[in-house]
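Q: Those sequence lines, one after another, are chains C and G.
Per our numbering, the very first residue in the first sequence carries number 1; after that it's consecutive.
Per our numbering, the very first residue in the second sequence carries number 1; after that it's consecutive.
Everything labelled a hint here was simulated from the structure, so no lab data went into it.
Yeah, the Cβ is synthetic: ideal placement off N, Cα and C, and Gly gets one too.
Misleading hints may appear alongside valid ones.
If you want a taste of the chain C side facing chain G, the calculated C-beta under 8 Å gives, among others [said to hold, decoys possible]:
hint, residue
1, N132
2, E145
3, N188
4, N190
5, A194
6, Q294
Pair ranges (Cβ atoms, derived) [to be verified]:
hint, chain 1, residue 1, chain 2, residue 2, range
7, C, L70, G, K74, 39 to 49 Å
8, G, K272, C, I112, 50 to 60 Å
9, G, S319, C, F14, 30 to 40 Å
10, G, T233, C, Y276, 49 to 59 Å
11, G, D187, C, R101, 54 to 64 Å
12, G, T441, C, F14, 45 to 55 Å
13, G, S319, C, A21, 28 to 38 Å
14, C, F129, G, K147, 50 to 60 Å
15, C, E138, G, A375, 48 to 58 Å
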Amino acid sequence: MDATIISPVAAASFELFRQLAVDGVVLGTVYALLGVSFTVIYSTTGIFHFAHGVAYVVAAYVAILAADTLGLPWIAAAVVGIAAAAAIGILVEVGAYRPMRRAGATALGVFITALGISIAVPNLIQILFGPNNKTFVELSPATIELGTVTFTTLDIARVVISWVLIAAVLFALRRTKWGLATAAVRMNRNMAAAVGIDPDRVHVLVFGVGSTLMGIAGILFLLNGNATPTMAASPMLIAFIAAFLGGIGSIGGAAVGGLALGLVTSLSGLWVASDYQPVIAFAALFVLLVIRPQGMFGRRAA
Amino acid sequence: MFKQFTTRGTEGAQGLRRTIVAGGLAFACASGLAACGGDSGGSGGSSGGSEVKAAAASDPAVKALNDVFGPGGKEAGEGVTINNGMLLAMTGQGAYFGRVMSQGAKLAASQVKAAGGPDFKISIGDHEDGAIQAGVAATRRMISQDKITTLQTSYGAVSEAIIPQIQQAKVLTFQGGGPSPGQVEKDFLWNNRMLFGDAPAPGALTWLAKEHPDAKRLAIVGTSENATNAIKTLVPSVWPKVQDGGTIATTQIHDVGVTDFGSVIAKIKASKADAIWNASFGNDPGYFVKAVRQAGIDIPIILSEFTSDACKVDPKAMSSVHAAADYFDPNSENPLARSFTEAYRAAYKSDPDFYAANYYEQILIVWELVKRVIAEGGDPQDGAALQAALIKDPKFPSLYGGDRSTPGEIVFDPTLHTVTKPMNVLEISGDCVPSPVADITAVGPDADPKTALVSASR
């Protein structure tokens, strides 16, 4: 028998199921935050912001820089890092996408630009900081044991912070004037402009919000990991998958899609070896898109 | 209501355009500089990675080279240019490896030239953290454009993929990073590091059994990049031999470069393992150990690799595990090692690890081969002639082993194309400094784990 395939007895283990389920919720929460961060931008602007990952890595490195060179306490440094993430997102919109939009660039042209930025920024960071691991703060989160299931206080913090942020974004989009302006631009950019809404400002807003969320995800990772120039590669892909799973354009859908992705990926460990688990994410996306091209909560195009 | 979003004019558009152009140029420069894979160095120079200040004949490290390898001059290859390629991970998760490996080689090239040896012209190809297509393309470029005579490669799968290319072009190649069984006994490819996973495993398991006699159920964790044989065959066969009642509780293979080990750890917990043998590399051991300890699992862990960079992920957690690996001791008394460490520290402000040491040493090996080929009246720019000289006499001065007055010696197996180097069981301090606690005295898949694999604990 292939030793990498878990035995049926072990697969039936309720103990294993519970641990994987808890891991799946923690993982899925992070995925949900990533998915929402991407969808906030895409659903309003229609820009496939492939350079979204730069906010993740910039937040991490700026936070480290702020802590190391300015001597800021880690929480203050984290805030600086998140602000930098928002700034880089806005800079990409204002400095690259907007002029391209005005010049009549195609979606492919915008995508290629984003791709270039997503390659250039990590390389620039590698030149400036080197490829080595960079440590932000050495937290020692307490381990909590509930029977045989374990998780850390940092896991709890991640789950709480992420869902509070997701709820806040959903609330803001539905109940605030900024949110309504965003909805107006999303539905009809020209009509929104005709009633006095500046679509460019809305773009700045959503790039700022989406990049802030991505930056927060980067900092949450950094609290339990180290920064490397390529640290955003995987989270960026996850953000796309979660967004498409949930239904492209649906922010609530991206959150549910991210959570589902985390749970499916983790629970698949009941039956498949760990190195097959990343395949599960793409398989789930493929199957869903074949059955339901608009994703779980997306609307089918007319 | 929508005051904040009222339309603005288009003033400042020209300034913005200038900003975009400047930003675009900056990004383009960044891409080009860090990719490292597309350019080649000038004479006596290099490309990619950190540059090193040219060494002078009066430098202590250069004098040490002359003491060991003899005086410079025509017989030592002075005036000869050796085009030396390096196939490394210069970008991606493993960029750390590419950097330290290239630093080691560049330092050696600079010192050899100052010592009156050949002028090593180093070009670097980026395999982008083990991407086979990128590695094959980079090797093709180095062979066709840079006209390399020698190559230093890294990683397992990508190095296996380039074997036909180096054999066809007769490029003498050294592997100092990730030797695997698939790279053994291959013409023109010589492994200058013990086989990752396979070589230390019998000694590691013997030590584990001796130190933890109650640990019966072993969890195997690693990647399939270049430890497949150890994970699937070697460790499952050795563990029951060295531990009475020893069984394999679970085998978990993970992708390279992951940071989330949730499901791996859940399965280890469910398997009721008493100990873990790990064959991950890069940052993965750091994240793995951290996650294991955070899950409240305090069983013994023995790793197959230790690097200070991976240790940085969680030094406290790493101080609770051991590693069984080939290990370069920066405090070695060996005169070659001592001068290398001092020069490396001066050039790069950090201690060298075994990756830097191996790639430094490989340049010295080629220098020695150049001398031998010249002495025989051959062409030192002919990879086949260099390999023939290696086969004729596979012994070389080494940074490993030795004592205060004598450098160590490595001997390549002319059939298997492997090398034997000292291996240790290492304990790791809270500030990520490894120190040997036992010597592994017999290595490899054929080693008898029951006899004299590990010396008495120090």
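Q: Hints first: check each against the structure and report whether it holds.
A: Status of each hint after checking the structure:
{"no.": "1", "hint": "N132", "result": "holds (5 Å)"}
{"no.": "2", "hint": "E145", "result": "holds (6 Å)"}
{"no.": "3", "hint": "N188", "result": "violated (14 Å)"}
{"no.": "4", "hint": "N190", "result": "violated (12 Å)"}
{"no.": "5", "hint": "A194", "result": "violated (10 Å)"}
{"no.": "6", "hint": "Q294", "result": "violated (29 Å)"}
{"no.": "7", "hint": "L70(C) x K74(G): 39 to 49 Å", "result": "violated (57 Å)"}
{"no.": "8", "hint": "K272(G) x I112(C): 50 to 60 Å", "result": "holds (52 Å)"}
{"no.": "9", "hint": "S319(G) x F14(C): 30 to 40 Å", "result": "holds (35 Å)"}
{"no.": "10", "hint": "T233(G) x Y276(C): 49 to 59 Å", "result": "violated (20 Å)"}
{"no.": "11", "hint": "D187(G) x R101(C): 54 to 64 Å", "result": "holds (57 Å)"}
{"no.": "12", "hint": "T441(G) x F14(C): 45 to 55 Å", "result": "holds (46 Å)"}
{"no.": "13", "hint": "S319(G) x A21(C): 28 to 38 Å", "result": "holds (32 Å)"}
{"no.": "14", "hint": "F129(C) x K147(G): 50 to 60 Å", "result": "violated (34 Å)"}
{"no.": "15", "hint": "E138(C) x A375(G): 48 to 58 Å", "result": "holds (55 Å)"}
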